[in-house]
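Colleague: Can you build the whole structure from these sequences, using the hints too?
4 protein chains.
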Amino acid sequence: MKRLFDNVHGTGEATLSNIAMTTNLSFAGKTVVVAGYGYCGRGVAKKAEGQNADVVVTEVEPRRALEAHMEGYEVCTMAEAAERGDVFVTTTGNRDIVTTEHVERMDDGVVLANAGHFNVEIDLDGLNDLAESRREVRDGVEEFRMPDGRRINVLADGRLVNLASPVAMGHPVEVMDQSFGIQAVCVRELVDGDDYDPGVHEVPDELDREVAEIKLAAEGVEIDELTDAQREYMNSWQHGT
Amino acid sequence: MKRLFDNVHGTGEATLSNIAMTTNLSFAGKTVVVAGYGYCGRGVAKKAEGQNADVVVTEVEPRRALEAHMEGYEVCTMAEAAERGDVFVTTTGNRDIVTTEHVERMDDGVVLANAGHFNVEIDLDGLNDLAESRREVRDGVEEFRMPDGRRINVLADGRLVNLASPVAMGHPVEVMDQSFGIQAVCVRELVDGDDYDPGVHEVPDELDREVAEIKLAAEGVEIDELTDAQREYMNSWQHGT
Amino acid sequence: MKRLFDNVHGTGEATLSNIAMTTNLSFAGKTVVVAGYGYCGRGVAKKAEGQNADVVVTEVEPRRALEAHMEGYEVCTMAEAAERGDVFVTTTGNRDIVTTEHVERMDDGVVLANAGHFNVEIDLDGLNDLAESRREVRDGVEEFRMPDGRRINVLADGRLVNLASPVAMGHPVEVMDQSFGIQAVCVRELVDGDDYDPGVHEVPDELDREVAEIKLAAEGVEIDELTDAQREYMNSWQHGT
Amino acid sequence: MKRLFDNVHGTGEATLSNIAMTTNLSFAGKTVVVAGYGYCGRGVAKKAEGQNADVVVTEVEPRRALEAHMEGYEVCTMAEAAERGDVFVTTTGNRDIVTTEHVERMDDGVVLANAGHFNVEIDLDGLNDLAESRREVRDGVEEFRMPDGRRINVLADGRLVNLASPVAMGHPVEVMDQSFGIQAVCVRELVDGDDYDPGVHEVPDELDREVAEIKLAAEGVEIDELTDAQREYMNSWQHGT
Chain A
0 MKRLFDNVHG TGEATLSNIA MTTNLSFAGK TVVVAGYGYC GRGVAKKAEG
50 QNADVVVTEV EPRRALEAHM EGYEVCTMAE AAERGDVFVT TTGNRDIVTT
100 EHVERMDDGV VLANAGHFNV EIDLDGLNDL AESRREVRDG VEEFRMPDGR
150 RINVLADGRL VNLASPVAMG HPVEVMDQSF GIQAVCVREL VDGDDYDPGV
200 HEVPDELDRE VAEIKLAAEG VEIDELTDAQ REYMNSWQHG T
Chain B
0 MKRLFDNVHG TGEATLSNIA MTTNLSFAGK TVVVAGYGYC GRGVAKKAEG
50 QNADVVVTEV EPRRALEAHM EGYEVCTMAE AAERGDVFVT TTGNRDIVTT
100 EHVERMDDGV VLANAGHFNV EIDLDGLNDL AESRREVRDG VEEFRMPDGR
150 RINVLADGRL VNLASPVAMG HPVEVMDQSF GIQAVCVREL VDGDDYDPGV
200 HEVPDELDRE VAEIKLAAEG VEIDELTDAQ REYMNSWQHG T
Chain C
0 MKRLFDNVHG TGEATLSNIA MTTNLSFAGK TVVVAGYGYC GRGVAKKAEG
50 QNADVVVTEV EPRRALEAHM EGYEVCTMAE AAERGDVFVT TTGNRDIVTT
100 EHVERMDDGV VLANAGHFNV EIDLDGLNDL AESRREVRDG VEEFRMPDGR
150 RINVLADGRL VNLASPVAMG HPVEVMDQSF GIQAVCVREL VDGDDYDPGV
200 HEVPDELDRE VAEIKLAAEG VEIDELTDAQ REYMNSWQHG T
Chain D
0 MKRLFDNVHG TGEATLSNIA MTTNLSFAGK TVVVAGYGYC GRGVAKKAEG
50 QNADVVVTEV EPRRALEAHM EGYEVCTMAE AAERGDVFVT TTGNRDIVTT
100 EHVERMDDGV VLANAGHFNV EIDLDGLNDL AESRREVRDG VEEFRMPDGR
150 RINVLADGRL VNLASPVAMG HPVEVMDQSF GIQAVCVREL VDGDDYDPGV
200 HEVPDELDRE VAEIKLAAEG VEIDELTDAQ REYMNSWQHG T
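Chains as they are written, first to last, in numbering that gives the first Met the number 0: chain A, 0 to 240; chain B, 0 to 240; chain C, 0 to 240; chain D, 0 to 240.
Please note that the accuracy of each hint is not assured.
Computed list of chain C residues with no C-beta within reach of chain D, every gap over 12 Å [said to hold, decoys possible]:
#1 Ile-18
#2 Glu-142
#3 Tyr-195
#4 Val-199
Distance windows between CB atoms, simulated [to be verified]:
#5 Glu-224(C) with Glu-103(D): 28 to 36 Å
#6 Pro-165(A) with Thr-99(C): 58 to 66 Å
#7 Tyr-195(A) with Glu-100(B): 50 to 58 Å
#8 Gly-108(A) with Gly-198(B): 39 to 47 Å
#9 Pro-146(B) with Ala-163(C): 52 to 60 Å
These are computed hints drawn from the structure, not numbers from a lab.
Ideal placement from N, C-alpha and C gives every residue a C-beta, glycine not left out.
Modeller: Laid out in C-alpha cells, this is it:
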C-alpha cells in the first residue's frame, strides 16, 4: 500500500508540482530525464509524460530498464541522457547519479532536482568545484555558472524537492491518510493482535487489505465480492477449456 | 500560435499546479469535472488525465462535446457531473456554469476553481446565499459551509486560479515568449510592413509561421523542408494510385 | 519477466487488435469494461485508454481495486458496469464474471470478449438460455438476440480472444522471445547448473536478469552500471542528509 | 466533423490494428516514426503512444512541428528519424517521404507503412533498385533485402495500410456513420434547402452541427444548453472582473 500510493502517485505529482511552482516552467515539450525506475521514478515518469514531456529513463537494473523501454520511454545511460535533458529528476536512493562528468555534457539552463532520498544523488560538491560562481536566481533555485557560460540550476539544494522546496507542503493528504492508516492498524495489531517478538515484521496482509477496504469505502467505490462458486473455482483447476 | 500553446499547455499545466499547490491535493483517483472543451478546457482535461484523474467534460456545443466523447472522456450535463466530481474547473468564458442548483448536488469537500475568464463562471453570490458560514481554510481556499454540513471550497475567489491563487506566478516563460514573440513581429510589421487601415487585423500567416520557426530553432528542433518535387506535387493531383 | 511483458503488453495489445479486427469497431469514445486488474487486466485497460476508450474496471481484491481507482479508472461492481459498457473484456482467470444477471442490464449491441483463461468467464450457457436466437454475424462474432430485441455479441465463443479469434496469430514475437528465452536459460541451468530436486522451482533471479540483459542488448538499449562507490552506498546507510 | 473523427480516430486506430495484425508485432517499446502531423498523423501518433510506443514525428510545417514538440513527441528530420525508427508510418499526402537516402540509414528489420494517400509516399522504385532481392514474407508484407543484408519490410505495397492490407476492413462503422451522415444531410439540403450555384460549397455549419447532435444522441450523451442569460453574456462584454 505505502509503496504504490505514496511513492508512485504522491511523490510523482508532488515532485512535478514543486518543480513547476519553483521554476515557473512548463513541462510540455521538455525532455525530462528520470534517473531510476523504482516506484518513485515510475510516478515521476508517468506524470511527466502526462504533462506532455518527452521522458528519458536511466536505470542500472536490467529488468526495470526493460520495463521502462516497453512502456515507451527512451532508456539510455546518464552520459547520453545528459546531452538531451532539460530537467533531471533523480529518484534512485543512491549517490552520484548526476556527476560533474554528466554536467559537462548538459545544455545551458538545465534544471536538476532530487526526488530520491538524500542530498547525495546530485554531486553538489563537484558541481561547486566546476562552477565559476553560484547565486540564488529564484527562491529555491540556485544557479551554478560554468566557466563556458552555461547555467546549471539546482532546486532545493539537491534535497527532496517535494519536501524541501520553498513552496513544498509535503505529501498530499490522500497519500498520508493511507500511510497513517497502515500505522494505526499496525499499532492496534500490536496491542490486540498476535504476540510479536521484538524486531521488524512485515505488515500482515489482512491489515494492508483492511486499509484498502476502508479507503475504497471513503472514496465511495463499491466492488464485487467473490461468490462461493468462484472461491471454489480458484482453488480447483477443473472447469473450462 | 497563441491559442495552441498559451491556452492548451500554459493554462492547462498552470491551472493544475496552482490547484495542487493551493490545496495540497493529489489528482490521482479524483474525478475532475472540466466545464468547456475549448483550448483551455482541452489543456486542463488532458493534463488532469495525465495526473491520473478521471475526467468528466461538460459542453454546450455538440461538436466539441463529441470530440471530448471520442477522446474517451465522459461527457454529461453539469447537473449530472455535479454529483460525481471532486474538483470542478470552469473554462468556458461564460457565466453561471456552476450554479446553486449544481452545488446542491455536490459532495462534501469538493473544490471549485475557475480557469476561464472572469469571476462569473461560478455563481459566488448564490453560493454565499446558500451558505450558513464561510471562512478561509487555507491561503487562497474559502470554505462555504452548507446548512446540511457539506463544505464547498472555492479557490482564488472564483478568479482565474492560475493567475490569482496565492502561489500563482502567471504563465510559464515558455508560453509567454511565444505570445510576446507574436506581438513583437506584429509591431515590426506595423512599422516596416504593409500599410494597414486602423482596425483589428488577423496576424498574417507568415508572421505566425516565423515565430514558430524561431521557437523551433530555440528549442533545438530541426525539421525537413519541402523539395521542389514535393512542392510541385502538392499543387498537382496526378501522381500515385 | 513473463508476467510483465507477456501479460501486460502482449495480451493487452493482442486482445485489442483482435477485437478491433474481428468487429471492425473503433475504441475511441467506447466505454470498455475490464474485469480484473491483474497483469492482463492492466494491459487491456491501459491500451484501451490509449485508444481513447473510457475504461471502467471491476475487481474483487480491494488493493487492486484501489490501484485502478488511483490510476484514474472508474471502479465499480459488474452490475453497475453492465449498464455502462460497450465492450466487456474479462481477464480474471475465474468463472461467472459476466452472468445473465449482468446481461439483463446491458445495452443493445454490446461486445463480450474473454482475455482471461478458460471459456467460463462469460456464462455462455446462461446467455444461451436467455436468448431467443443466436447466429454468427461476422466471422468470429456470435450474436445472441434477447426476447426484448437487444443483441449481445460474443467473440470467439468466449475463448481467449487473442488466441481464438479468426484473425488471431497468438502473441507477438517480441513477447514470445522473452518467454522462450526464460525457458532456454532454465533448461541450460538444469543441465549445467545447480542440482535441483524434482519439483517446481522459482526461476533463479540471475537467470531472469540475464534474459533481460540479452533483450536490452537486442533492442540496442544501453544502461549504466553501478560504480563501486554506489554498491558500497547501497549496503550502508551513512551518507547524505 | 469528417477530419476530426474519420482521420484522427478512424485512420489512427485502423492503421495501427492493421500493422499489428499484418506483422504480428507489438508496439510496446518500439520507436514509431510518424511522417506528417496533420489529422491522420496526430491520430497515428497518439494511438501509437497509447500502445506504449516511443513516437518520433517529422514535419515540414513549423507550427505543426512545434505542436508535436509541445505534445512531448520527439521531432526531427527524416534523415535522423531513419536511424532511430522501428516502424515508419507516412501520413503526409505528399511524395518521396521515405526515400532511398533514408532507407540507407535504417536498421535491419524495420517496417514501412503508408497511411497517407497514394503509393508515392514511400519511394518503392528506389527501394527496388537498392534491393538485391524481394519476397513476400507474410501475407501483405514484402521484404526488400539490401546488399548489406538488412531487411526492409513494406506493408501493402505502400498503399494505404488501413485499406489495402490483407486483413483490412476499411474504416470502422462509427466513423463511416458520421461521414455518411454528413453526406445525407447535404443531399437533403440540396433538395430542400437553399439554392446553390453549381460548384463546390462548404458544408453549412448548422448541418455539421446537426450530425454531431444526432451522433451524441445515438451515443446516449446528454449535454447542457445555453440559457438566455448565457447567450446574452456571450454577446456582451460587461460582466465580471
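Colleague: Against the structure shown, which of the earlier numbered hints fail to hold, in ascending order?
Modeller: When the structure is compared with the hints, only number 1 turns out to be violated.
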